[in-house]
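Starting from the known structure of chain A, arrange chains B, C and D on it as the hints suggest.
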Amino acid sequence: MATKKADKVMTLTEAASLVRDGDTVALQGMGTQMSPLALVRELIRAGKRDLTIVMIVGGIGLDWLIAAGCVRRVIAIIVNLDEFGMAHAFRRAVEAGEVVMEEYSEHQLLSRLLAGAYGLPFLVTRSGLGTDLIALHPETTRIIACPFTGQEVVACRALVPDVAILHAHRADRYGNVQFFPKPIWLDADVFPRAAKKVIVTVEEIIENEEIRRTPIHTGIPYFKVDAVVEVPYGAHPCSLYPFYAFDRALFQEYATASRTVEGTRAFLDRYIYGPTTHAEYLQRVGGAEMLLRIRKWE
Amino acid sequence: MATKKADKVMTLTEAASLVRDGDTVALQGMGTQMSPLALVRELIRAGKRDLTIVMIVGGIGLDWLIAAGCVRRVIAIIVNLDEFGMAHAFRRAVEAGEVVMEEYSEHQLLSRLLAGAYGLPFLVTRSGLGTDLIALHPETTRIIACPFTGQEVVACRALVPDVAILHAHRADRYGNVQFFPKPIWLDADVFPRAAKKVIVTVEEIIENEEIRRTPIHTGIPYFKVDAVVEVPYGAHPCSLYPFYAFDRALFQEYATASRTVEGTRAFLDRYIYGPTTHAEYLQRVGGAEMLLRIRKWE
Amino acid sequence: MAEIARDYTVDELMVVTLARQFRSEDIVLNGTVSFIPVAAIMLARATHAPGLTWVAGAVGVDAYPEPLSGNTLDPTMWRRCVMYLPQEHMWSYVHRGVLETFCLRGAQIDKYGNVNNTVIGEYARPRVRLPGSAGMGDMGSLDKRIFIWTTTHTPRTFVERVDFRSCAGYLDGGDARERLGLKNGPQLVITNLCVMDFEPESKHMRLKSLHPGVTLEEVQAQTGFRLLIPKAIPPTEPPTVEEIRLLREVIDPRGMRKLEFRGAPARA
Amino acid sequence: MAEIARDYTVDELMVVTLARQFRSEDIVLNGTVSFIPVAAIMLARATHAPGLTWVAGAVGVDAYPEPLSGNTLDPTMWRRCVMYLPQEHMWSYVHRGVLETFCLRGAQIDKYGNVNNTVIGEYARPRVRLPGSAGMGDMGSLDKRIFIWTTTHTPRTFVERVDFRSCAGYLDGGDARERLGLKNGPQLVITNLCVMDFEPESKHMRLKSLHPGVTLEEVQAQTGFRLLIPKAIPPTEPPTVEEIRLLREVIDPRGMRKLEFRGAPARA
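Residue numbers (numbering that gives the first Met the number 0), protein chains in the order written: chain A, 0 to 297; chain B, 0 to 297; chain C, 0 to 267; chain D, 0 to 267.
Treat the hints as calculated values from the structure; they're not laboratory data.
Because the structure is a prediction, the values reported are computed rather than measured.
Hints are supplied without guarantee of correctness; some may be wrong.
To be verified - Label-pair ranges, simulated between beta-carbon atoms:
(1) B:143 with D:173: 23 to 31 angstroms
(2) D:240 with B:206: 54 to 62 angstroms
(3) A:146 with C:182: 22 to 30 angstroms
(4) A:282 with D:24: 37 to 45 angstroms
To be verified - Within a straight-line C-alpha distance of at most 27 angstroms, the following computed DSS-like cross-link-like pairs (lysine-lysine) qualify:
(5) C:257 with A:295
(6) B:3 with B:181
(7) B:181 with A:181
(8) C:182 with B:195
(9) C:182 with B:3
(10) A:295 with A:181
(11) D:257 with D:207
(12) C:207 with C:182
(13) D:207 with D:230
(14) B:3 with B:195
(15) C:257 with C:207
(16) B:295 with B:181
(17) C:207 with C:230
(18) A:3 with D:182
(19) A:195 with A:181
(20) D:182 with D:207
(21) B:181 with B:195
(22) B:295 with D:257
(23) A:195 with A:3
(24) D:182 with A:195
(25) A:181 with A:3
Each residue gets a CB set at the ideal place from its N, CA and C atoms; glycine is no exception.
Only chain A is shown next, with the shape it has when bound in the complex (with noise of 0.2 angstroms):
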């Protein structure tokens, strides 16, 4: 784990090659919201194989990596592409045995991450009590008695990722990441704290000097960081609030296009294997029209 003051910076390409075949990789993304997608675009790219991905929320990004084969399981609580409806690559694998869901409530997974984050093997709650969660993995999940009082609860074991992946609105060369308006969602909180090595990609490089005006928004320090990438509208398709919401058309052509295998394949090739270049994409996605277009909020 990177502890020093040191530059950061990186490619895209430089940072995906921390991204190890087989690693379990946290990735953030809270439905069309904040996911390192450009990130994402690379690890497919790559060639990633054998990849346990973990969110909270799984959305388009993962849906993508499972249509791409770079993912042999996942940990989320729900897959879905929000109001577009169903992850048609997810729920294709997962039907044909060729990915493992393996499926929590939120407080259940948060739990898991928290015990990673504080070193502890096991955390404590009452989520998914009287639901049938609970006995798919006797290996992660467990009712156990309250030592003081016999009430029952349910053990979420520890769950460190090898790798955090995650965007965010700008950071120092050495990985001071700030928010804007700050943190909100959890898995911005907690992937660092819990993964191994953390990715971060980010709207702005900006001065040390900024970040010290400006503490209030800083999320995650330095001394978590291994790779600072910066990559403008590094979260497209999905929005980054308040620079830019996400875009509805992009989304609703892959929630149609991934109907059929060969549509999610064709989209594959138009818009992640085909661009050499994240301005190359830019352009295939829509170019400045689309660029001014989800500047607004409606």
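Relative to the frame of chain A, chains B, C and D by itself:
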């Protein structure tokens, strides 16, 4: 518990009446920082009895309460006057067997409070393993084995205070409480979530509209707050960063006076029982000159 | 007496019916893809429950978003909030019972109000993989007063026994839920055909009211288990003119609530 | 070679000795009333360990406070930090071993580096009630590399066995600490008379170096248990002129570090 958008503004006297004899009171305060000491003085004047005081770091307010005979039990990790040395009333009362000190390591106590905040019967930590702390209270801390790995951890039983009392920068009439730059110490974060009732004194009551313009500073939502009292310099002689520093002179005076029972009594008479209003208190502890002095941080 | 609306659609009736369940002292959290509950929350606050506390998009305490547009966890939902509720605080309030009310739907709902949004068929090799339990895996176990809505009242949705319990309703009925230490539970089921509640002793689902133009026989035919039928079955209380105006003009002029009827034509 | 200082006091020697233990890759957190460690951290960063990460006052990541003045957890310590470390994050980094280094002192220290700051006598009815375990109750159990300092090297401080284990050192010595699953532990004890470490096998406290003008006999007489004495006992490495200048002029011109010697005249 108050859940409505009601006007919760009251006087110190009215707020103090929400604390009952025998209550477990979570009292905010971090050494020389951020403690609702105007309200503590009011509790003393109201002659509260048999209180259990919960503080992470017990300080001057707790020592006053003990000296005034309000306290039966202390739950804390340390009790002192920071760089000003021992809390003598506390020391004398424990040595005489008049007050029970229930001592935890910090993360044990936080785990107890967080379990309370989450409505969980317990949470676990590794903190305190190998110390003599765990054996002190088998009803609230106990070593258990992880159901997955067998690793030993310390189970910490939930603690739910009857009342939390805090001092903050500002609030609206409904109890939306703001902190600058933001809530830093965990007592301000955990006490309101764990306690049944919440009383907050603030430097200034502001309009609800101003809260909505600056939600990034809000640390406690109105639906968890029962009483709001406007008390400028309400933390004195503690600091409220960045508004005013702690009052070294008064801390030193108390540290010296409290070496004897007589000195302590004289201090309480002069500064707590004597003044009938908060303004009179501020005048007696140094008036305008003091107020100007503590605006400088040096 | 408020004037009764004559011209309304089933989505509007569902929103209004749900809105009337909320009380001024409630603290309500909304989940993902929840246009009908969000519209209902906004409507309740604009009418009979002005004091209702809404944690909008699970973050914005007492927020006042613009009319519905993006999705229901979108940051635009936080507008004019008094606090960005840290998610750790949200979870502690949910666990502790401070946030007591939640609305959800699912692919299957059984007679005891258990809900499945995980799989049809066997978990390991499902016939249909559904999105997942998400918040319902928490809320059913964490003592919430749960309001279930669905826009597809069919025998495929209302089943004798869910294939997978993603959300703990009344489990096997009777006092099963209570014996597990879980409080509250499903209160009401609001569908495109009718409103149902749960018989207090058996916790068996029971017809409460029929939407205009819907018959008892139709509801039973569209329900995959035997519904309890009370002696009197009133029609579902119609919306008022003012409720419909607020919904169409102020809260949801774009008709986002109708998104939930994709493939299912609205009727009333 | 840096020029060796001739004119320095014992507090300065202690600060310099502690400073030299810190490495550029360390992440160090300071506790309450810790002027000597804080001065040492600031000195290390200004000299041989520019990359050292200091979580100042347990909150301000990589902060650059003004010269020492108020107490060591004061908000003024957060000045020019890159982040206000949320205390939940701090605890997770402490538990997880990301923050690995901590300095502490106590009223009693025994031969295995266990520390007592809770009571002298019985817990329930103590002869002397001390302030309490505070952070040491955590840090000793959470795998920290611990540096112990004390300004009162007397038989009352250094005892055969502490009356109460507020901080887990090497427990009963040998592999007792390891067997409990605790990593790292006390590294060094820096006092007003000497520096001590722990013999690797037995974990018994061992003399490492003597401060100028202090004899072996004096140290043993002031220690309440039999110290391990190595063959060669070098003098404690003296400060450099530059270290003393930085300490007196830049880091601690007010001499806050001397506060820790209340009642005990400084000597060197």
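Each hint tested on the structure:
1. B:143 with D:173: 23 to 31 angstroms: 26 angstroms, holds
2. D:240 with B:206: 54 to 62 angstroms: 59 angstroms Cβ-Cβ, so the 54 to 62 angstroms window holds.
3. A:146 with C:182: 22 to 30 angstroms: Since residue 146 of chain A and residue 182 of chain C have Cβ atoms about 23 angstroms apart, the given range 22 to 30 angstroms holds.
4. A:282 with D:24: 37 to 45 angstroms: 43 angstroms, holds
5. C:257 with A:295: Satisfied, since the Cα-Cα distance of roughly 23 angstroms is no more than 27 angstroms.
6. B:3 with B:181: Cα-Cα ~24 angstroms, so holds.
7. B:181 with A:181: With Cα atoms ~11 angstroms apart, residue 181 of chain B and residue 181 of chain A stay inside 27 angstroms; holds.
8. C:182 with B:195: 19 angstroms, holds
9. C:182 with B:3: Given pair residue 182 of chain C, residue 3 of chain B holds - Cα atoms ~23 angstroms apart, limit 27 angstroms.
10. A:295 with A:181: 21 angstroms, holds
11. D:257 with D:207: 24 angstroms, holds
12. C:207 with C:182: 22 angstroms, holds
13. D:207 with D:230: 10 angstroms, holds
14. B:3 with B:195: 15 angstroms, holds
15. C:257 with C:207: Holds. Residue 257 of chain C to residue 207 of chain C sits at ~24 angstroms (cutoff 27 angstroms).
16. B:295 with B:181: Measuring from Cα to Cα gives roughly 20 angstroms; hence the hint holds.
17. C:207 with C:230: 10 angstroms, holds
18. A:3 with D:182: 23 angstroms, holds
19. A:195 with A:181: Since the Cα atoms of residue 195 of chain A and residue 181 of chain A sit roughly 23 angstroms apart, the hinted pair holds (cutoff 27 angstroms).
20. D:182 with D:207: Cα-Cα ~22 angstroms, so holds.
21. B:181 with B:195: 23 angstroms, holds
22. B:295 with D:257: 24 angstroms, holds
23. A:195 with A:3: Satisfied, since the Cα-Cα distance of roughly 15 angstroms is no more than 27 angstroms.
24. D:182 with A:195: 19 angstroms, holds
25. A:181 with A:3: 24 angstroms, holds
When held up to the earlier numbered hints, the structure conflicts with none and fits them all.
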